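Given chain A, work out where chain B should sit, using these hints.
Here's the letter readout for the chains.
Protein chains: 2
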Amino acid sequence: MTRFYSKRDLQFQLFENQNCLELTQIPYFADHSEETFRLVLDSAEQIAEKSLRPLLTEMDRNEPQLIDGKIRIHPGMKTIIRQFGQDGWINALFSYEEGGQQLPWTIHITSGFIFQAANYSASVFPFLTTGAANLIRTFGSKELIEKFTPKMYSGAWQGTMALTEPDAGSSLSDISTTAFPTEAPGVFRIKGQKIYISAGDHDACENIIHLMLARIQGAPAGTKGISLFVVPKKRISNEPNDVLTQGIYHKMGYKGAPIAHLMIGSNDACEGYLLGEANQGLKYMFQMMNEARLGVGMNAVAIASAAFQASLAYAKERPQGRKINEKDLSQAQVPIIEHADVKRLLLFQKSVVEGSLALLIYCAILSDKIAHEVDSSTKKEQEALLDLLTPIAKSYPSEMGVQSTSAAVQILGGAGYTTDFPVEQYYREARIHPIHEGTTGIHGLDLLGRKVLIQEGLGWKLLQREIQKSVDAARAYSALGELRQSFENQFKKFNHGAAQLLFKMNQGPEIFLSDATLFLEASGIICIAWMWLEQAKTAQKALNTGAAEQDFYFGKIETARYFMEYELPKIKGLIERFHSTSYPTIDMKKEWF
Amino acid sequence: MTRFYSKRDLQFQLFENQNCLELTQIPYFADHSEETFRLVLDSAEQIAEKSLRPLLTEMDRNEPQLIDGKIRIHPGMKTIIRQFGQDGWINALFSYEEGGQQLPWTIHITSGFIFQAANYSASVFPFLTTGAANLIRTFGSKELIEKFTPKMYSGAWQGTMALTEPDAGSSLSDISTTAFPTEAPGVFRIKGQKIYISAGDHDACENIIHLMLARIQGAPAGTKGISLFVVPKKRISNEPNDVLTQGIYHKMGYKGAPIAHLMIGSNDACEGYLLGEANQGLKYMFQMMNEARLGVGMNAVAIASAAFQASLAYAKERPQGRKINEKDLSQAQVPIIEHADVKRLLLFQKSVVEGSLALLIYCAILSDKIAHEVDSSTKKEQEALLDLLTPIAKSYPSEMGVQSTSAAVQILGGAGYTTDFPVEQYYREARIHPIHEGTTGIHGLDLLGRKVLIQEGLGWKLLQREIQKSVDAARAYSALGELRQSFENQFKKFNHGAAQLLFKMNQGPEIFLSDATLFLEASGIICIAWMWLEQAKTAQKALNTGAAEQDFYFGKIETARYFMEYELPKIKGLIERFHSTSYPTIDMKKEWF
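Going line by line, the protein sequences match chains A and B. 33 is the number of the first residue of the first sequence in the numbering used here; add one for each residue after it. 33 is the number of the first residue of the second sequence in the numbering used here; add one for each residue after it.
Next up, chain A with everything else stripped away, as it sits in the complex (with noise of 0.2 Å):
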C-alpha cells in the first residue's frame, strides 16, 4: 500500500522541531503525555489505513445521490461515522464532564490531517459534527446541551453549518433566511434556503443538526442583524421539521461527501432554536470559522501529502531515460528520481507539504494556548498573532496544494492524468480549498485590511518580532549561514514592500487593497520560508549532537535550501507590485474585456 503521509516527519513536527508536550503544563491537558500524544496519532493511523483507506476509490466513482428527496451515501460511511463516535473523535477535545478526552486541538488537528490525507471525503463527516456540537456547547443553553449533543457526540447524529445561500456566498451580510417569533421562548420558524451544505443531508445518521444562520423578522441589515438557530433535519420527537433536501452538487472532487441545497419552512413548518443571543451568530460562527479555515488549511496539505508520498513512491521504481551525462545506451534506465528536475517537483512538494505543516502546527499549539491563557496581556497577544497568522495558514496551503498535487501529477506522466492512480483524484479533490471558507481574494482583505491594521498593527508586530527571534537565533549554526543570509534579505525586501504598501491606504480602500491577494501571497511565501529556517535549525541540532537518522536530517536542510533557492524569490516579483502606481486591475473596465 502507497504511504499517504510521513509518520516520522508528523512525530518532528510535534516532538522535535516544535514541543507541543509544553501543552501538557495546561492544568485542563495535565493528565496527557507523550505517550498518550501518540496513542492517539497511532490509533488515527490504523482508521485510516484499516477503514478509510480502502474507500477511498469506491466514495470517488460511486457518487452520492439524492434519491426520493434523500441523499444516499456510501454504504460503507455508516459504519466508519459510528466508529467515530464510539472511539471519542468527535467529542475527543471536551471536558472529562461532557465524556471528552480534554485533548488539545493540535492533537485532534493532526489526527484529522491522518484521516484527511488517507481519504479527504470520509474525513468531512466527523468534523463537521464536532464544529457544530462545539458550537451548541459553547454557547447554547443547558437544554439544546442536553437534547442534541449527545447523539452528535455518538455519531449517530450529523452535524452541519448552514451559512451559504444564492445571493450569500462571500457576502454573508446578504443572508436573506429569515426566523420568525413563535410564542415559545427561543424557538422560530425559519424560512429560506441553504445551498453548498456540506454533509446537508445524507443517509448514514439518524439525523442532521444544521447550525443555520438566519435573520429575525426586524433584524438590522448587514452581519449585525445575523442569529445562529440550531436547526434539525426531524424534531426531538422524530417529527420531520420542514428542511427539504431541494438537490444535490455533483462535484469535481472529495465526490464522497455530499452537498445539499436544502430549502428550509417551504410549508412553513420549520422550527429552529436560537442559539445564545439574537444578532451575534456572525461573532458565533466566527469563533469556529477560524479553527474551521486553520482546518482547511491542513485537509489541503493533508491532500497534498498524499499526492507527494504516491509520486515519490512512483519516482523511485519507474525507471525512463539516463543520468544526463550517460551517452551509453545499453546502460539500464535510471529510477526517474535520479533527474534533478523530477527532484525538483518532489522538493517543491516536500517543501509545501511540511512547510505548511509545521505552520499549521505553529498556529493550533497558539490556539490551544490561547484557550487557557490565564494571563490578558498574553492572551491578547497570543490572539493578535493567531488572527494574522490564520488566513496564511489557510490561504498558503490551499493555493500551494493545488500546485503541489499538479508537481505530481507531472512526475507520473500521462499515468498521472489516468484513472490507474490516485494522483488524478487527489488534484482534482485539491481545487476545493481554495474556496472552502472564504476565497483566497476574500482572506486577502482579510489580511491586509482587517488583521494587519487592526490594534495599531499588534499582530504584524508580533509576526516580525517572532521572525527575527528565529533569525537571531539561527546565528548559532554557522553550517546554515548561507540559508539564513538569503532568508534575512528577502525578508528585509519583503518588510520594505510591506510599508510601502501601508502608505497607499492614504489614497483610499480601492488602491490599497488592490493587490491584497498577492500581499497575502508573499505573507504567505515569508512564513513558509520561516518555517523551513525553524526546521533546519532543528535537524542541524540533531546533527551536531550526533543524532542517527542522517537521512532524515539532510532532507530537511537540503529541503529548506530548496525553499530559500526556489521558492521565496517569488516574492520579489510581488514586492514589485506593492512599489508600483500602476493599477490596471482598477483602470480596465468591463466593457473593455
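These are computed hints drawn from the structure, not numbers from a lab. These figures come from a predicted structure and were not determined experimentally. Among the hints, erroneous ones may be present.
Unchecked claim - Derived EDC-like pairs: lysine to aspartate or glutamate, alpha-carbon spacing no greater than 20 Å straight-line:
| no. | chain 1 | residue 1 | chain 2 | residue 2 |
| --- | --- | --- | --- | --- |
| 1 | A | 348 | B | 199 |
| 2 | A | 348 | A | 41 |
| 3 | A | 602 | B | 608 |
| 4 | A | 622 | B | 583 |
| 5 | B | 602 | A | 41 |
Leaving out everything else, chain B in the frame of chain A:
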C-alpha cells in the same frame, strides 16, 4: 449559449496584429484572400457551434468503453468525423491535385482553435488523421499514399501516432517494438505494444491507421535505429491485422477521446509497411512533432479561452458584495466584475489566452513561410527561430493554461467546483497539456540544451533581434512609454541572467541544465510580454487613427499593462536562480526524501 472564444480577438490577431495575408503572396496560397480565410473561419465556427459544442458535456459524462475488444465512443462522433472529411478539413492543407485546398497551416490551426474551444475531445480525431496522412504523403511511396490517404481524407479511416511504450515514454530511444523483414519488400512483421494511443481504437471509423515507431530487427540502439511504419488495424483486404486493443485508459479529462493500449502482432500476424527509409523514423516523426507541439499549445489556449469566456460571462452577471468603498448595505449588490481582484483574475486569463494565441499565430505564419521559402539563407534563419520558439510556444500555453482555467474556477467559487458549470471540465482537460507531446521538463532540456546552443546560437540571436526590433518600433508610441520601458528593463535583466546561465555549461550538463525548466518558464514570460507589446502597439495605432471599437483597443492596452505589471515581474525570481551557485536539486539524495 456561452461564448467559447472571441471572434473579434481572433480577427485582430490574424488580420491586424499580424498580417496573415502576406501568405497569399506565396504562389501556393495565391488563390486565397482575406475573404476565403474568413469563410473558412466562419465555417469552423458554425460546425463548432452546431455539431461540436452540443456534445461537450455528454462526451465527458459518457466515457468511451472497451466492450468485446473494441472501443465504443459517443455515437455522435461518427457524423462529426464524416463531416470533417466531407467538408475538406482533414486534407485542407494539401494541394489541389491531392484534393486539398492549399490552405495555410495558420488558418488551419486557428480553425482548430475554434473546434478545440468548443469541444476539445471531439476536435482530437480529425487532427490526428491529418497528421498521420501528412506523414504518409510526405514520406510514403505512391502505393502507400494511394492505398491509405483517400479514406483518411474522407474521414472513413482514423489516423494515429503510435510512439509510447510501457518502457519508452519520455525516453523514445528505448522503444522496443520490433519489425521483422518479410519476403515482400517494404513489408514487415511487427511485434510489440503501444500505450496511450489517442484514438487508437474506436467504432466511429471503419479502420485505424497507425503511424508507428518500431525498430527493424538488428537496427542500431537508440534513436538512430528507429523506423516509421504504417500499421493498419485492418489490412486493405479487410482482414484483421493482429492489432488488438488490450485496454482503454480512463482519464481525468477530455474523456470523449479514447486512449488505447494496443498489442501488436501477438499472433505474429501484424503487417507493417515501412514509410520512407529505414532508421529515419524519429526524424520523420519529429517533422510532424514540431507542428504537433504547436498544436498542443493551441489546444491549451483553446481550453483556456473557453474557461475565460465562461468566467467572464459569470462575472458580469453574478451580483455579490458591494464596491469596497460602499458601506450602505441597502444598496444592491454589484456584479463581481466590479471587484479589483476578480478583474485581476480575468486580466490574468485574458493575458494568457490572447498573448499565447499571438505567439502561436506568429509561429504558424513562420511555419507556412518556411514550407515555401525559396531563399536558403532566409529559410535557415526562419527555421532556427521557429525551432527555438517551438518548446516555448508549446509550454507556456500548456503550463499557464492550467493556471488560467484554475482562475476561471476561482471566479465562479463554489459554483465553479460543481458540474453545473463547464469550468471544472475545462480545469480537468487543461491538465493534460504539460504532459502531451513531451513534458514541460523535456521541453526545458530541448530549449536550453539544444535549441539555444545549435548553430552558434543562431535561433537565440534571431529572437533577440526580433524582440529588439519590436521594442525600437514601440518608441514611436509615446502613450506606451511606461509599458515599453518596463519590458525593456526586464528584457535586459533576462538577457543578463541567460548569459550567466551559459557560463555554467563549463561545469557540465547536470549543473548547466538543472534549471532548464525555469529557463523555459522565463523565456515564455518574455515572449508573451513581447507579444503584448506588439498588441499594445497595434491597438494604440488603431486608436491614434480614430478607430471605432475603442473599448476593444483600450482593453488590449490595459491587458498589456497588466502583463507588464503582474506577470513579467515573475521572471525576477527565476533569474535569481540563473545567478545562483547553489544546487539543491542536484545535491538532494533520493534517500533523503
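Now for the hints, and whether the structure bears them out:
no. : hint          : in the structure
1   : A:348 x B:199 : 15 Å, holds
2   : A:348 x A:41  : 19 Å, holds
3   : A:602 x B:608 : 9 Å, holds
4   : A:622 x B:583 : 9 Å, holds
5   : B:602 x A:41  : 32 Å, violated
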